[in-house]
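Sequences are here, hints too, so could you generate the full structure?
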Amino acid sequence: MSKTSIKITSEKLDLQECYNFVTDDSCGGIAVFVGTVRNNTQGKEVQQLDFSTYKPMAIKEMEKIADAALDKFPIVKIAIHHAEGMLQIGDVPVIITTSSKHRKAAFEACQFAIDTLKETVPIWKKEHFSDGEVWVNAHP
Amino acid sequence: MNVQLLFFGITADLINTSSVTIELENSLLVKDFKELLLAKFPQLKNMQSYAIAINEVYATNQDIVKENDVVAIIPPVSGG
Numbered sequence: 001m002s003k004t005s006i007k008i009t010s011e012k013l014d015l016q017e018c019y020n021f022v023t024d025d026s027c028g029g030i031a032v033f034v035g036t037v038r039n040n041t042q043g044k045e046v047q048q049l050d051f052s053t054y055k056p057m058a059i060k061e062m063e064k065i066a067d068a069a070l071d072k073f074p075i076v077k078i079a080i081h082h083a084e085g086m087l088q089i090g091d092v093p094v095i096i097t098t099s100s101k102h103r104k105a106a107f108e109a110c111q112f113a114i115d116t117l118k119e120t121v122p123i124w125k126k127e128h129f130s131d132g133e134v135w136v137n138a139h140p
Numbered sequence: 001m002n003v004q005l006l007f008f009g010i011t012a013d014l015i016n017t018s019s020v021t022i023e024l025e026n027s028l029l030v031k032d033f034k035e036l037l038l039a040k041f042p043q044l045k046n047m048q049s050y051a052i053a054i055n056e057v058y059a060t061n062q063d064i065v066k067e068n069d070v071v072a073i074i075p076p077v078s079g080g
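Order-wise, the sequence lines are chains A and B. Under the numbering used here, the final residue of the first sequence carries the number 140; numbering is consecutive throughout. Under the numbering used here, the final residue of the second sequence carries the number 80; numbering is consecutive throughout.
One should not assume that every hint holds.
Said to hold, decoys possible - Label-pair distances were calculated between CB atoms; the ranges are:
no.: 1; chain 1: A; residue 1: Q16; chain 2: B; residue 2: T60; range: 26 to 36 Å
no.: 2; chain 1: A; residue 1: N39; chain 2: B; residue 2: V70; range: 31 to 41 Å
no.: 3; chain 1: A; residue 1: G90; chain 2: B; residue 2: E35; range: 39 to 49 Å
Stated by the list, open to error - To spell it out: a stretch of chain A is covered by chain B in this simulated footprint if at least three of its residues, at any positions, have a beta carbon under 8 Å from a beta carbon of chain B; those stretches are:
no.: 4; region: 11–22
no.: 5; region: 50–56
no.: 6; region: 122–136
Said to hold, decoys possible - Negatives, chain B to chain A, calculated, CB over 10 Å:
no.: 7; residue: D13
no.: 8; residue: V20
no.: 9; residue: Q62
Just so you know, these hints were derived from the structure itself, not from any lab. Virtual Cβ for every residue (Gly too), placed ideally from N, Cα, C.
This is the structure in structure tokens:
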């Protein structure tokens, strides 16, 4: 049975699905990270966020992160789901769940996965303000 | 030989397209390919940094761009 669940979708992300995937009788804990769309950036009001992806490569990079997490930490299962397309304030662009026998590994693997995702997975967000749009991190 | 280029995020906006096929005389190191890219697409000079992926895998300057490769220009990512 697979130990990893990786998904990029334009549908609403399903927290229950990510939770259910990592449940296991051998586990004493599940860590959950839910990313949410914030309403401001450096004091400026954000109206919505548009996520674009290089989907086939992004899936591969997410699989690499999940495999690395299983390798580095004594976790049992990991799910990494990411949304694409236009998201509104409060919507959920990313969910990561991890399960382990003891809680420490689940917490650490979850943090490792979101930190690495933000560095390596080819996904980009464009912030939409009332007076224009900006690619996040782009520094043009 | 032909190579397909993919642009994402801000680079797609700068170049005004997300995909284009270009012709190269021969295989090239990524390092040299980047020089050629800047000559062909001077808009990329506005980018402080970007990565290159060949066939959906991050490439280093010492990797080689070959015939029929799909080369993606990856601006700084901002997922999550």
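Okay, the hints, checked on the actual structure:
no.	hint	result
1	A/Q16 / B/T60: 26 to 36 Å	violated, 41 Å
2	A/N39 / B/V70: 31 to 41 Å	holds, 38 Å
3	A/G90 / B/E35: 39 to 49 Å	holds, 45 Å
4	11–22	violated (count 0)
5	50–56	holds (count 5)
6	122–136	holds (count 7)
7	D13	violated, 7 Å
8	V20	holds, 15 Å
9	Q62	holds, 19 Å
Violated hints for the displayed structure, listed by number in ascending order: 1, 4, 7.
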